[in-house]
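Undergrad: Sequence:
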Amino acid sequence: MKYLVYGSLNIDYVYRTSHIVEPGETLAAQSMKKFAGGKGLNQGIALARAGLPVWMAGKLGSNIELPQQALINSNINTDYLSQDKSLTTGHTVIQVTSTGQNSIIYLPGANACIKSAEITNVLVNFGKGDVIILQNEINKVPEIIRSASSQGMTVAFNPSPFESEIVTYPLDLVDILFVNETEGKKMTNSVNPLDILQRIKNLYGINHVVLTLGDRGAMTLFDGEVFKEPAVKVDVIDTTGAGDTFTGYYLAGLNQTNDCQTALKLAVRSAGLAVSRPGAASAIPTLCEVN
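Under numbering that gives the first Met the number 0, the sequence shown has 178 at position 179, and the numbering climbs by one with no breaks.
Below, a list of computed lysine-lysine pairs in the DSSO-like style, where the Cα atoms sit at most 30 Å apart:
no., residue 1, residue 2
1, LYS139, LYS1
2, LYS185, LYS227
3, LYS84, LYS32
FYI, nobody ran anything at the bench for these hints, they're computed from the structure.
Please build the complete structure, drawing on both the sequences and the hints.
TA: Laid out in structure tokens, this is it:
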């Protein structure tokens with residue numbers, strides 16, 4: 000079984016601030032650091048640090064060193080990365096407060112310029128029994144879902160950042176959907192966690208739905224059964240990569256045990272460790288640390 004993450008690769012510019020800047024306000028940052036990031040890269044690193052074999056596919060622009068080196072350092076296969084030097088590599092400007100809350104501005108850059116031929120050239124190397132993990136920071140997600148599903152791959156999708164068009168995607172072909180409360184509310188017009196899970200199943204035909212609840216933990220609906228796991232109590236430093244860490248470790252937990260409750264526990268513990276550290280990819284724990 001191979002794990003293919005087809006997703007975004009960014010450079011994150013992280014500014015520590017006393018609070019999230021308001022409209023019309025000029026605010027002096029306390030510090031700035033540069034990290035490799037992107038939901039795709041973060042989820043790939045989480046999978047790799049959890050001990051799974053990971054291939055990364057995506058598109059870089061003129062600046063490749065930081066994200067590429069982060070993948071290599073995590074023993075992630077980079078054979079399926081493409082580059083267009085005329086484009087800028089995706090990047091984010093992130094404000095992080097002393098309480099760990101964040102605000103993010105995202106420039107997709109090369110992430111939004113993936114071509115159909117590139118998708119075909121990647122997916123031909125994968126098939127039945129392999130797992131593909133997608134987010135919504137790249138273009139052509141519906142095409143990738145259809146192609147991967149037609150080849151027998153297990154499709155895991157995290158619809159973040161959320162856009163209204165997502166509800167028109169071929170979600171019935173998604174095997175595992177990861178959403179937070181905000182995304183779940185937008186997909187279902189409900190604020191009740193149990194209702195969100197059930198409505199996603201009924202509206203979109205997805206049998207395996209995972210809902211993260213921040214400091215209240217997470218829930219899963221699978222085959223009609225609901226699983227719950229409370230959050231781990233930690234001192235929050237930075238929440239930037241928590242959801243991506245959770246996604247990677249949940250899939251790793253399923254790989255190890257094929258049990259939703261065990262996967263939830265592993266994912267919640269890993270996310271708890273991640274938010275207790277600064278950064279996104281750099282904060283993702285190893286399996287030994289989680290255990």
